[in-house]
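Those sequence lines, one after another, are chains A and B. Numbering follows my numbering, with no gaps: position 7 of the first sequence is 0. Here my numbering = 1-based position in the second sequence + 44.
One should not assume that every hint holds.
[Claimed, not checked] Derived list of chain A stretches under chain B, where covered just means 3 residues or more per stretch with a C-beta under 8 Å from a C-beta of chain B: (1) 24 to 36; (2) 39 to 45.
[To be verified] Over 10 Å on every C-beta distance to chain A, these chain B residues come out as not near it, computed from the model: (3) 68; (4) 112; (5) 132; (6) 185; (7) 241; (8) 272; (9) 278; (10) 417; (11) 575.
By construction, these hints were calculated from the structure, which means they are not laboratory data. Note that the Cβ used here is the ideal one computed from N, Cα and C, for glycine as well.
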Amino acid sequence: MTETTVEQSVLEILAGALDVSVDVLRGEPVLARHEWDSISSLDALAQLENRLDVSLDLRAFHAARTVDDVVALVRPTS
Amino acid sequence: MSDRPDLLESLRAAVAEGRAPSPADLTRLALVSDPLVLRKAGKLLARLEDADGLRPLRVALLATCTIGSYEQILRASLVSAGVLPDLVPGPYGMFELTLATDPFDGVDVVALLLDETCFLPHDWAATDVDGLAGHLEARLADLRGLVLSAVERSTATVLLHTVPLPAQVRDSVISWRARAALSKAWAKLNEGLLDLAAQHRQVAVTDLVSVLADSPFPARDDRLHRYGDLPYTDGALSLLAREVRRFAQARGGLSRKVLALDLDNTLWGGVLGEVGAEGVQLGGLYPGNAYREVQRTASRLRDQGVVLVLASKNDADLVDEALTAHPEVLLRPEAFSAKAVNWSPKAGNLREAASALGLATGSFVFLDDSPFERGHVEEELPDVVVLPADGDPAHIVRTLLAQGWFDVAELTETDLARPELYRSRTLRNDFAGGFGSSEDYLHALDVRLVVQEADGFSVARVAQLAARTNQFNLTGLRFDEAETGRRIADPDHLVVTFAVADRFGDEGVIGAAWVDRSGVEWHVDNLVLSCRVLGRGVELAIAAWLARQAHAAGATALRGRYVPSKKNGLAKGFWTDAGFTAEGDGAHALALDAGLPEAPAWINLLEGNEVAR
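Kindly produce the complete structure, drawing on both the sequences and the hints.
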């Protein structure tokens, strides 16, 4: 998966979990400015792990503040 | 089919239009195995507030942990069964208090979500497994008391499940002997949970432990367990939700009754017309043993009341010969209540088979190896559940059974006799061809109607009729087993069953009436009748009997209603046909001082325990 595809997938998943459009999230990428609570964050976690085939450290995931932080977490490390 | 719109898009459109998803989409939803799709579907469907065609069901959801995504997953699963759930989650951390004190007014099902914290002490010693076993027993007794008190104070059914022993608990005991003792104590706990179903009719239990053992999903994600008190993964929750859906479907009479089976490459391997009866793969080693297991499974379903229909593009004589002569065949010709073996399109054949059996195609499950045949049936008959039998034949049995399409809450005598009843029905239709008038035919049928007050033995069947009967259901009031039992015991109410027999066989109990006789006028709160006995005047004989009973008890009038639904149009004229006067808004009345209606002359009406012979 390319970096752009990863970024796009993360945006789509986070937008879906937050119930906002991708454009709105792109315009305001700070997660806490949306309904980023325990339910939506766990919803996003389940989808990120399933669609991108990754397993995340929950501490790092909860420390992520922005869309870019989440992209950095799921980006292939090679 | 591949050109169908995405399921979530279809559901979104249905919600936006405020209508029920199409029957085909409900089947697709039931077959979804991805918990994330269920979660999204549940989120969408939460906005569906009212939808014609979906059966309302109020479900209280009580958990010993965080409910989390279970609410959405469960909603999606329940909708797939044709139910519109009103899910009411209990407050977090108040499981026992809620179960002990909530009156559950208007609640149909109290669905419990249990984890090990309900039974384990906060801390326990790995060196004292006996002490732990004692604690588990005490906690089981506590839960038993709570569950039984909840069903005693309400008409809701409590649905619970067995609980897996977490690996972290099991493996922290290092002695093999002690670990076996711990597993035994835990198995005993689960045995006690399963035993609750035998202790009260309003308790149902599903064995989540064995469901999880046979699934691709891990039971637990340790991160989510520690972070959010979420002891089960979405996958495990989707399996539990499927079990709740199976129960709701069985309870609501929404299960399927008919299994239509293809023959070549479904009930045996190979094409009969090409290889002959001696050349088909059936019995012996693989793959013949896989096909024989399909036949054995279908036969077991038939033993429990599922009606089998043969739907094969073949030469009928050749098929009859093979089914009769092949030594490994388990489904002989008489196992099928209807046979559609010809070269016509299968959708039309299934439609005709449904008509001959007097059943809707919506009660059919169709199993076929051909994607073409399946696609055609899906297009033509979207309410039929279509299952694939292609690919490795070893998977067919799992495909057939996994979703519990045929589940019933409890088997009744009528369920057991159903396949033979429907076979008689198709024979009866053939017999009708030889008479000059339908009245001659009806006289020759020797119809016997047995009316009996309902009792503890028949209450399950009466509740089943209330739940399952849609077409001849006059008011749509579905009295469940608890309410029917209450009315049976109350002298102000009368609950009666109707059984029909004729020269072709005994149909068993095919109808029931709930009558309020507390005043000088009797009110028929509902009358339901299986469609398979219509056309013989049975409903008119029932009306005449009710009028006679009311008159004999000193009542001045008998009243009844017709409340239209999407499916009960055929019962619209019942009251007026029976001599009642329409009073507007569905109300009808019969004055009992001006002569009583007569039952049709060809019906022999027997009361109480008179034997219909």
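Hint check results:
{"no.": "1", "hint": "24 to 36", "verdict": "holds (count 4)"}
{"no.": "2", "hint": "39 to 45", "verdict": "holds (count 3)"}
{"no.": "3", "hint": "68", "verdict": "holds, 25 Å"}
{"no.": "4", "hint": "112", "verdict": "violated, 7 Å"}
{"no.": "5", "hint": "132", "verdict": "holds, 18 Å"}
{"no.": "6", "hint": "185", "verdict": "holds, 35 Å"}
{"no.": "7", "hint": "241", "verdict": "holds, 32 Å"}
{"no.": "8", "hint": "272", "verdict": "violated, 6 Å"}
{"no.": "9", "hint": "278", "verdict": "violated, 6 Å"}
{"no.": "10", "hint": "417", "verdict": "holds, 34 Å"}
{"no.": "11", "hint": "575", "verdict": "holds, 45 Å"}
In this structure, the hints that do not hold are numbers 4, 8 and 9, in rising order.
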